[in-house]
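Number of protein chains: 2
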Amino acid sequence: MVLSFLSNSTSMQRTYIKDLGSKIGSETLICGWVSVRRDQGKMVFFDIRDGSGSVQCIVLPDSQAILVAKEISTESAVSIEGIVNKRPEKNIQAEKANGDLELQIVKIEVLNMAQTLPFELESELNLDTLLDHRPLTLRNERSRNIFRLQATIAEAYRNSLQKQGFVEFQAPAIVGGDAEGGAAAFKVNYYYDQTAYLATSPQFYKEIMVNAFERSFTFAKIFRAEKHATPRHLSELTQMDFEMGFIKDHRDVMKILHDVIVDVVKEVAERHADILKYFSAEIPQAPEEFPTFTLAEAQEIISKEFNRTIEDTSDMSPEDERQICEWAKKKYGSDFVFITDYPVEKRAFYTYQNRSFDLIFRGLEINSGSQRIHDYNEMIEKMKSRGLDPEKFSYYLQAHKYGFPPHGGSSTGLERITMKMLNLENIREATAFPRDMNRIDTRLSE
Amino acid sequence: MVLSFLSNSTSMQRTYIKDLGSKIGSETLICGWVSVRRDQGKMVFFDIRDGSGSVQCIVLPDSQAILVAKEISTESAVSIEGIVNKRPEKNIQAEKANGDLELQIVKIEVLNMAQTLPFELESELNLDTLLDHRPLTLRNERSRNIFRLQATIAEAYRNSLQKQGFVEFQAPAIVGGDAEGGAAAFKVNYYYDQTAYLATSPQFYKEIMVNAFERSFTFAKIFRAEKHATPRHLSELTQMDFEMGFIKDHRDVMKILHDVIVDVVKEVAERHADILKYFSAEIPQAPEEFPTFTLAEAQEIISKEFNRTIEDTSDMSPEDERQICEWAKKKYGSDFVFITDYPVEKRAFYTYQNRSFDLIFRGLEINSGSQRIHDYNEMIEKMKSRGLDPEKFSYYLQAHKYGFPPHGGSSTGLERITMKMLNLENIREATAFPRDMNRIDTRLSE
Numbered sequence: 001m002v003l004s005f006l007s008n009s010t011s012m013q014r015t016y017i018k019d020l021g022s023k024i025g026s027e028t029l030i031c032g033w034v035s036v037r038r039d040q041g042k043m044v045f046f047d048i049r050d051g052s053g054s055v056q057c058i059v060l061p062d063s064q065a066i067l068v069a070k071e072i073s074t075e076s077a078v079s080i081e082g083i084v085n086k087r088p089e090k091n092i093q094a095e096k097a098n099g100d101l102e103l104q105i106v107k108i109e110v111l112n113m114a115q116t117l118p119f120e121l122e123s124e125l126n127l128d129t130l131l132d133h134r135p136l137t138l139r140n141e142r143s144r145n146i147f148r149l150q151a152t153i154a155e156a157y158r159n160s161l162q163k164q165g166f167v168e169f170q171a172p173a174i175v176g177g178d179a180e181g182g183a184a185a186f187k188v189n190y191y192y193d194q195t196a197y198l199a200t201s202p203q204f205y206k207e208i209m210v211n212a213f214e215r216s217f218t219f220a221k222i223f224r225a226e227k228h229a230t231p232r233h234l235s236e237l238t239q240m241d242f243e244m245g246f247i248k249d250h251r252d253v254m255k256i257l258h259d260v261i262v263d264v265v266k267e268v269a270e271r272h273a274d275i276l277k278y279f280s281a282e283i284p285q286a287p288e289e290f291p292t293f294t295l296a297e298a299q300e301i302i303s304k305e306f307n308r309t310i311e312d313t314s315d316m317s318p319e320d321e322r323q324i325c326e327w328a329k330k331k332y333g334s335d336f337v338f339i340t341d342y343p344v345e346k347r348a349f350y351t352y353q354n355r356s357f358d359l360i361f362r363g364l365e366i367n368s369g370s371q372r373i374h375d376y377n378e379m380i381e382k383m384k385s386r387g388l389d390p391e392k393f394s395y396y397l398q399a400h401k402y403g404f405p406p407h408g409g410s411s412t413g414l415e416r417i418t419m420k421m422l423n424l425e426n427i428r429e430a431t432a433f434p435r436d437m438n439r440i441d442t443r444l445s446e
Numbered sequence: 001m002v003l004s005f006l007s008n009s010t011s012m013q014r015t016y017i018k019d020l021g022s023k024i025g026s027e028t029l030i031c032g033w034v035s036v037r038r039d040q041g042k043m044v045f046f047d048i049r050d051g052s053g054s055v056q057c058i059v060l061p062d063s064q065a066i067l068v069a070k071e072i073s074t075e076s077a078v079s080i081e082g083i084v085n086k087r088p089e090k091n092i093q094a095e096k097a098n099g100d101l102e103l104q105i106v107k108i109e110v111l112n113m114a115q116t117l118p119f120e121l122e123s124e125l126n127l128d129t130l131l132d133h134r135p136l137t138l139r140n141e142r143s144r145n146i147f148r149l150q151a152t153i154a155e156a157y158r159n160s161l162q163k164q165g166f167v168e169f170q171a172p173a174i175v176g177g178d179a180e181g182g183a184a185a186f187k188v189n190y191y192y193d194q195t196a197y198l199a200t201s202p203q204f205y206k207e208i209m210v211n212a213f214e215r216s217f218t219f220a221k222i223f224r225a226e227k228h229a230t231p232r233h234l235s236e237l238t239q240m241d242f243e244m245g246f247i248k249d250h251r252d253v254m255k256i257l258h259d260v261i262v263d264v265v266k267e268v269a270e271r272h273a274d275i276l277k278y279f280s281a282e283i284p285q286a287p288e289e290f291p292t293f294t295l296a297e298a299q300e301i302i303s304k305e306f307n308r309t310i311e312d313t314s315d316m317s318p319e320d321e322r323q324i325c326e327w328a329k330k331k332y333g334s335d336f337v338f339i340t341d342y343p344v345e346k347r348a349f350y351t352y353q354n355r356s357f358d359l360i361f362r363g364l365e366i367n368s369g370s371q372r373i374h375d376y377n378e379m380i381e382k383m384k385s386r387g388l389d390p391e392k393f394s395y396y397l398q399a400h401k402y403g404f405p406p407h408g409g410s411s412t413g414l415e416r417i418t419m420k421m422l423n424l425e426n427i428r429e430a431t432a433f434p435r436d437m438n439r440i441d442t443r444l445s446e
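Residue numbers (the working numbering), protein chains in the order written: chain Z, 1 to 446; chain Y, 1 to 446.
What the hints contain is simulated information worked out from the structure, not anything from laboratory work.
Mixed in with the good hints there might be a few duds.
Because identical chains share one entry, a pair is satisfied inside a single copy or across any pair of copies.
Unchecked claim - For lysine-lysine, the following DSS-like pairs were computed, each having C-alpha atoms within a straight-line distance of at most 27 angstroms:
1. K248 x K23
2. K187 x K392
3. K163 x K266
4. K227 x K90
5. K23 x K277
6. K329 x K255
7. K248 x K107
8. K331 x K23
9. K187 x K227
10. K70 x K248
11. K163 x K248
12. K107 x K18
Please read all numbers here as calculations on a predicted model, not as lab measurements.
When you get a sec, could you build the whole thing from the sequences and use the hints?
Below you can see the structure in the form of structure tokens.
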């Protein structure tokens, strides 16, 4: 068996699999992984995939490559030379990329032979198996689809903000104290045995950036030490945060967010119809205006439409979120619903009275936002009323001291929007390397 | 004095300051901060800036706004109505944006009055003052220029990778162990009193992603607990990391990196000629090929050209890096130099023998890369030879078990490339919220 290194073996230029259609009749070099090997005795068939696509290959009985072909294991990395042939009419799979051609293999080199897989890569896997073997399972079609789509969401979100004049900045992950004054924060052993924390939000920093750029955004890692073990909570998250100055009220923020979401949905629909189909997910309906209700209105609708008594009128329960979305989808043809006017005591201390909102997508809150308090004295009062010591926030309060304009912003969870876009049941599936109470890559021993 | 809220005061649509040129003769509403106020007794002049630009405004003696104008402090947030006038020919400043017009103020509303500034915002500030007052000093022209340019670097870097087929993913910040097996890592108190660490590199994760997408990248926060207090080290950094499969050797990685750098320089030059000029910085020279030397060659050149004995031949010293760049700039007209073939024992354990490189930009290493070991058995041997326990790397090693192709990648420090692009003397100036031994926002007490 030839087990040589790529550079020594050939001088032919590699062709990406997606480009094979332009090489009909030519001898071509491809590289990739063995997705499937079908040994039919005299002949061997392969599905080979690279970063760009997949193609069927055939090794004929008289080929020099037949002996190697019979030895290669699934998922091995290979380099293949062959002739690109049109398939016979009856074998054409018109709906598939490269469905009209196949590569007749002349030579195979194994770049790295895979050991026997612990399970069928494309089989249905339970969540722990999926995550225990992430370095392997990220290769399966389902995972590749999830994270390719996630990359597009991130890119489109950023592009939309940039188009709307937002300037990116880098928010810190290590902070001196817990910004939100509520969320559980992980402690970090900093220099000189001092305790630092992992940021629970880039909130203060993005507000500060308003005074530099007026409109600013950051993609920030945030960390929550809460002991949640639900299908929608993680201990490390990617938040897409923006903040803007000189707003009239929170509705200016909602308008920007709406436009970003519409741009994201458009981009996903254009690029990933195949991925949505794979998950039997519909293109999200994102109309020109998202239905918007106050918390009280929403709960009144739910109560009436679903004939149910609302227990907690100070916040939306997960059931409330699902039902308002179900109803709004039918009534307004929207997968997105804005809920406004949460009681201010339920929101972070910097929230401006009566100017908060959440965006709910297919029954799950994916974004939270508000206008913030910009007046220095009002902020001091607010901190005191919440039992916070303004002295501890003196760094942040510099923003308020020197002409902080009325401003607001919001934060979308990248994992949550990915999850709902594909109707995944657990947010861990939408996270390449999820961290939670029980896992950092491998399961934690208790 | 009118101290009303924006929404109550007017129904006029706001115009961004950059668009005032199209409003000559019209009554217009702008919002922004007071950069400068010049009280000339009967008249008051302002420079007002918003996120888009700056404009000179004038309050005439008979204006209703004159009393308010005389009260407003520098950096206050204001909303202004006025008439856009062409300036008299003699007052035109052709080289300045809006240098041909001024806004004759009819009405001013103070949205938030700034307290007296602790120092002149545009004065030269020492580093500690700059950082102690970051929420204020981020507003000055110098800081805004630095971070606007940094946003462009990040955007252009990402766009170039996406154009070249790289798929973005989110690397985790919390890790179970120290990936590099060398760098000092911060400890995190995780659940159940277990110790986790802050990532010193997204290395393992980006390698794993090669098996999913072949080409992948991430912008990752990394954390170094080393006790460095130099002008080029931070404890929290933003790294622009990419990794690619099916390479011949490290030169494939260098080729991609070269193209990314060229794209970044081009974008910076096109968008930010004014910012480069502000810092008296030239557009970096990034020729079609970057001069490339082995470590031994580079040190021989330095020794000869600068008539100096090299003490340490196992690595480039900061002086070596400066001198090879100085020489290469003269000789090859390049601000970028590749150094290859560092002794493998000086590099991380996953480095493939003789296939490492650094990219030096204007005398500072901004990027480090290599081909990695992809063969399972070779990797096990390498770990053992370094005294590392392969058992502890079992998660990562799944990638090697199942057909890991030859691959490599590199990592560019966003703060370092920003710093050298503008010839800044300290990396903290190129970091919005720097963390180091002595500072998390405010100075740490020892």
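Status of each hint after checking the structure:
1. K248 x K23: Between copies only: 23 angstroms across, 58 angstroms inside.
2. K187 x K392: Classified as both; 17 angstroms inside a copy, 24 angstroms across copies.
3. K163 x K266: For K163 and K266, the Cα distance is within 27 angstroms both inside one copy (15 angstroms) and across copies (20 angstroms).
4. K227 x K90: Answer is neither: 58 angstroms inside a copy and 69 angstroms across each miss the 27 angstroms cutoff.
5. K23 x K277: Answer is neither: 29 angstroms inside a copy and 49 angstroms across each miss the 27 angstroms cutoff.
6. K329 x K255: Within one copy only: 20 angstroms inside, 50 angstroms across.
7. K248 x K107: between (67 angstroms within a copy, 18 angstroms between copies)
8. K331 x K23: Neither: 51 angstroms inside a copy, 43 angstroms across copies.
9. K187 x K227: Classified as both: same-chain Cα gap 15 angstroms, cross-chain 20 angstroms, threshold 27 angstroms.
10. K70 x K248: Answer is between; shortest inter-copy Cα gap is 26 angstroms, intra-copy 70 angstroms.
11. K163 x K248: within (21 angstroms within a copy, 39 angstroms between copies)
12. K107 x K18: within (20 angstroms within a copy, 62 angstroms between copies)
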